[in-house]
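Asker: Residue-level listing of the chains:
There are 2 protein chains.
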Amino acid sequence: MLDIKNLKYNNDGLIPAIIQDYQSKEVLMLAYMNQESLEKTLESKTTWFWSRSRGGLWNKGKTSGSYQTVQDLSYDCDGDALLIQVYQEGNACHTGEYSCFFNKLIKGEIPQGYKILDRLYEIITKRKE
Amino acid sequence: MLDIKNLKYNNDGLIPAIIQDYQSKEVLMLAYMNQESLEKTLESKTTWFWSRSRGGLWNKGKTSGSYQTVQDLSYDCDGDALLIQVYQEGNACHTGEYSCFFNKLIKGEIPQGYKILDRLYEIITKRKE
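Chains as they are written, first to last, in the working numbering: chain H, 31 to 159; chain E, 31 to 159.
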C-alpha cells in the first residue's frame, strides 16, 4: 500500500478529497486534507479536514453531529486527489441540504439507473397480480 | 442562474471539477477548469479542462475519443467546486481504467445499494416459479 507521504499535496500542503455517499453514490462535498488530517482520518475512520478559512484541522461532525464514517478510500492515478465513500450522519452541508452540490447550471433528467428500478417495480407488480 | 464569473476560482484562476458517471454515479476523475474552459463546456456540452502540466485548454476526448457528454452540472454551496455528471465514451482514465480512482487505501464491502438489486432479483425469480 502507498505511503501517504508520497501523495501529491499542493503548494499549501493540501490534497482535495471528494466525499461520496457510500450507498446512494451521491457526491456530498469537496474539502481539503493535509497529511496530518489524512492520518487522523485513516486512524479514526471519521473524516478530518484542513479548514482553509479557519486555518486548522477539523473533525467533521464534532460540533454538528454530522459525522462521516469512512467505508472506502481511494486516490487517483496521479496521486493528487482522494475519493472517500462514507456513511453520512444527518446532512453533509452546513446549509441543511444533504449535499453541498444543490445549485444547478445544467439540470439532467432522471438517470437511467433509477428508471431500471421503476421497470423492476412494474415487473414485480405484474407478476403479483 | 449564477453568472459563472461569480464562482470562486483559486489564485491560479482554477476551480476543481468532479466528474461523475451520470448513470452509475461512479466518480471518474477530478480535473480543473478556468472560466474559459467552463464556458466552452457549457456551450459544447463536452468537458473542457485547464491542463496544469501542459498549461493549456483541452477538450477531453479530442485525441483519445473518450469524450464526456455533460448531463448535469452543479456548483457547491460556497461556489468553489463543480460537480459534472456525464456520459463517458470509453474510459475516463489515461491508464485504460474506467475511473481514475482505482487505487485503494481502505476497501469497502459491496454497498447496500447493489444488494437491493440482488434482493429484487430473488423476489422476481421466486414469483416467476
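FYI, nobody ran anything at the bench for these hints, they're computed from the structure. The reader is advised that the hints may include incorrect statements.
Because identical chains cannot be distinguished in the list, a pair is counted as satisfied if it fits within a single copy or across any two copies.
In silico EDC-like pairs for lysine to aspartate or glutamate, Cα to Cα no more than 16 Å straight-line [stated by the list, open to error]: (1) Lys137 / Asp102; (2) Lys156 / Glu73; (3) Lys92 / Glu139; (4) Lys158 / Glu127; (5) Lys38 / Asp148; (6) Lys70 / Asp33.
Asker: Now tell me, hint by hint, if it's right for this structure.
Answerer: Here is what the structure says about each hint:
When the C-alpha separation of Lys137 and Asp102 is checked against a cutoff of 16 Å, the pair qualifies only between copies, where the shortest distance is 5 Å, while the shortest distance within a copy is 28 Å. For the homomeric pair Lys156 and Glu73, neither the shortest alpha-carbon distance inside one copy (49 Å) nor that between copies (44 Å) is at most 16 Å. Taking the shortest Cα distances, Lys92 and Glu139 never come within 16 Å of each other, neither inside one copy (36 Å) nor across copies (26 Å). Taking the closest pair of Cα atoms, Lys158 and Glu127 never come within 16 Å of each other, the shortest separation being 38 Å inside a single copy and 41 Å across copies.
For a Cα distance limit of 16 Å, the shortest separation of Lys38 from Asp148 qualifies neither inside one copy, at 43 Å, nor across copies, at 39 Å. In this assembly of identical chains, the alpha carbons of Lys70 and Asp33 lie at most 16 Å apart only when taken from the same copy (14 Å versus 38 Å across copies).
The structure fails to meet hints 2, 3, 4, 5 from the earlier list, while all remaining hints are met.
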